[in-house]
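Novice: Protein chains in written order, with this note's numbering: chain A, 676 to 1149; chain B, 61 to 161.
It is worth saying that the hints were derived from the structure and are not from the lab.
The beta-carbon is built from N, C-alpha and C at its ideal position, and this holds for glycine as well.
Please note that a few of the clues may not be correct.
[Unchecked claim] If you anchor each label on the Cβ, the simulated ranges turn out as follows:
id: 1; chain 1: B; residue 1: GLU82; chain 2: A; residue 2: ARG1056; range: 39 to 47 Å
id: 2; chain 1: A; residue 1: ASN724; chain 2: B; residue 2: GLY118; range: 26 to 34 Å
id: 3; chain 1: B; residue 1: GLY76; chain 2: A; residue 2: LEU730; range: 16 to 24 Å
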Amino acid sequence: MKAGTVAPAGPDLDQDYRHGFHDSEDAYRFKSAKGLNREIVERISSMKNEPEWMLNFRLKAYETFRSKPMPEWGDKALLEEINFDDIHYFVKAGDRAEISWDDVPADIKKTFDRLGIPEAERKFLSGVSAQYESEVVYHSVREDLAKDGVIFCDMDTALREHPEIVEKYLATVIPVADNKFAALNSSVWSGGSFVYVPPGVEVKSPLQAYFRINTENMGQFERTLIIADKGSKVHYIEGCTAPQFSTASLHSAVVELIAMEGSSIRYTTIQNWYRNIFNLVTKRAVAHKNATVEWVDGNIGSRLTMKYPAIYLMGEGARGEILSMAFAGEGQHQDAGAKVIHAAPHTTSVVTNKSVSAHGGKTTYRGLVEIFPGAVGAKTRVKCDALIMDERSSSDTKPTMKIDEQKATVEHEASVSKIGEEQLFYAMSRGLSEADATAMIVNGFFDFFVKELPMEYAVELNRLVKMEMEGSVG
Amino acid sequence: MPESTPLARASDVPSGTTRRVEHDGEALLVCNVGGAFYAIEDQCTHDGGELDQGELDGCRIMCPRHGAYFDVTTGAALTLPAIMPVRTYPLRIEGDEIFLA
Chain A
676 MKAGTVAPAG PDLDQDYRHG FHDSEDAYRF KSAKGLNREI VERISSMKNE
726 PEWMLNFRLK AYETFRSKPM PEWGDKALLE EINFDDIHYF VKAGDRAEIS
776 WDDVPADIKK TFDRLGIPEA ERKFLSGVSA QYESEVVYHS VREDLAKDGV
826 IFCDMDTALR EHPEIVEKYL ATVIPVADNK FAALNSSVWS GGSFVYVPPG
876 VEVKSPLQAY FRINTENMGQ FERTLIIADK GSKVHYIEGC TAPQFSTASL
926 HSAVVELIAM EGSSIRYTTI QNWYRNIFNL VTKRAVAHKN ATVEWVDGNI
976 GSRLTMKYPA IYLMGEGARG EILSMAFAGE GQHQDAGAKV IHAAPHTTSV
1026 VTNKSVSAHG GKTTYRGLVE IFPGAVGAKT RVKCDALIMD ERSSSDTKPT
1076 MKIDEQKATV EHEASVSKIG EEQLFYAMSR GLSEADATAM IVNGFFDFFV
1126 KELPMEYAVE LNRLVKMEME GSVG
Chain B
61 MPESTPLARA SDVPSGTTRR VEHDGEALLV CNVGGAFYAI EDQCTHDGGE
111 LDQGELDGCR IMCPRHGAYF DVTTGAALTL PAIMPVRTYP LRIEGDEIFL
161 A
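Bound-form chain A, shown alone (with noise of 0.2 Å):
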């Protein structure tokens, strides 16, 4: 396929997306046939040079992923437009994961440039692993937290170089037979981030994952596994962003975070996927005694979302906290959402969900509050605010709670509305237009979200939330 072959995906939606460009593929060293057979699993397990075990990971998870029906719930409409004929499960871009960004090959390099990658690590963080396609391009770690022994590296690496780690716990939050998505992310894995952070040792500034999905049709189907041992904290961040295809690709991740006794583990992601991107996305956390789980959770692009970070609360004082916030523009629909499960006692949690809909958007609020019985002095406090901006657009909540234990505390409360005519107008009667007036509105709407991201992620947030309110109005 040559560069430049960008057809719009429709009206309106190639405005201003400016992660929309493509790359030429005539370098690649591998990219699977359409579809998904026995072979093509086999193919990619004997390419990575894996194990017995995780072959045998992936043939089963294979056959688990056949006979799971579609969900039955959600947006069904969308999901049948999904053909899982019609896409490459696996896409080699490079040969391996460089450590050093001169050996990135320049095409690459050059996108990540342009995304700004290799400029936020020299600014801010911890360590960078860049995936691209389906395998991870770049990857740095500072060399202290190397020396304490924090281990960040691509899945396929850790594989290799810490298999006992691996094998102990990869699958053993998410079962593969989780759900239809996780059975597949499972047999076609390829990327994703591992990260283990030994006892008491504290990463101060944020890990980050970058993926990116450069192939028209293509799956980009990452594992994620955290680990934060005892009284250990670290904060990782990921971002995600695809060019402008006038046909769908696939993203199906699968997220699993082990937060042990006394740790804490937040993890960001900020999603803006091009328009015709499904991303169906297991995420899921168990915390332990004391521990902490924060899910920061931002979703802007994809066509379709449905994604509900989970948190297991599975030690005694063990807290979790979700923040969403989602946007939905023209042809999208977000159905995001948070689920926590009280299991242990003088646990809490705090559910924060907002999301704004608009241009016919639609968002959903999916939630699940459970409290097991025994979990005495649990504590969870949910909120969900939706802002509707127009006729055309909708929004609709679902949140379950189911509390078995007595004496636990539940609080509940949302809300749905429209953008405030008095709101307006006063802004507009201070002299800023109607479409700043929006836009800082719907900023200010959000910023119990922005306020928790890094200072470069907040200005990127603000930026792209007043580019999808402009031309909204007038």
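Fit chain B to the supplied structure of chain A, relying on the hints for placement.
Specialist: Only chain B this time, still in chain A's reference frame:
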């Protein structure tokens, strides 16, 4: 009082397999782990899936609905998304017949 109706015939549940039986309106799963018999309730504690549709691997059985594993000898939930154990039932074997103890 000991049960008089057998749950199943041991010869109908070969090693490494399971057999779903009805008892007092409840569905039980008789499991043969290397010649030793165990019975658990035939319902996943996570989402109510029927465990008899799952694969017995040693003493572990997988719920096919969401992939949770249980230890059929103790009932313990071994992996998420299940947390609570499944109920277990003590058994008594007489000749080829398996009874609830």
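Novice: Each hint needs a verdict: does it hold in this structure or not?
Specialist: Each hint, compared with the structure:
1. Checking the proposed 39 to 47 Å range against GLU82/B and ARG1056/A shows it holds: the Cβ atoms sit about 44 Å from each other.
2. At about 29 Å, the beta-carbon gap between ASN724/A and GLY118/B stays in the expected band of 26 to 34 Å.
3. In this structure the hint that GLY76/B and LEU730/A lie 16 to 24 Å apart at CB holds, the actual value being about 23 Å.
The earlier numbered hints are all upheld by this structure, with none contradicted.
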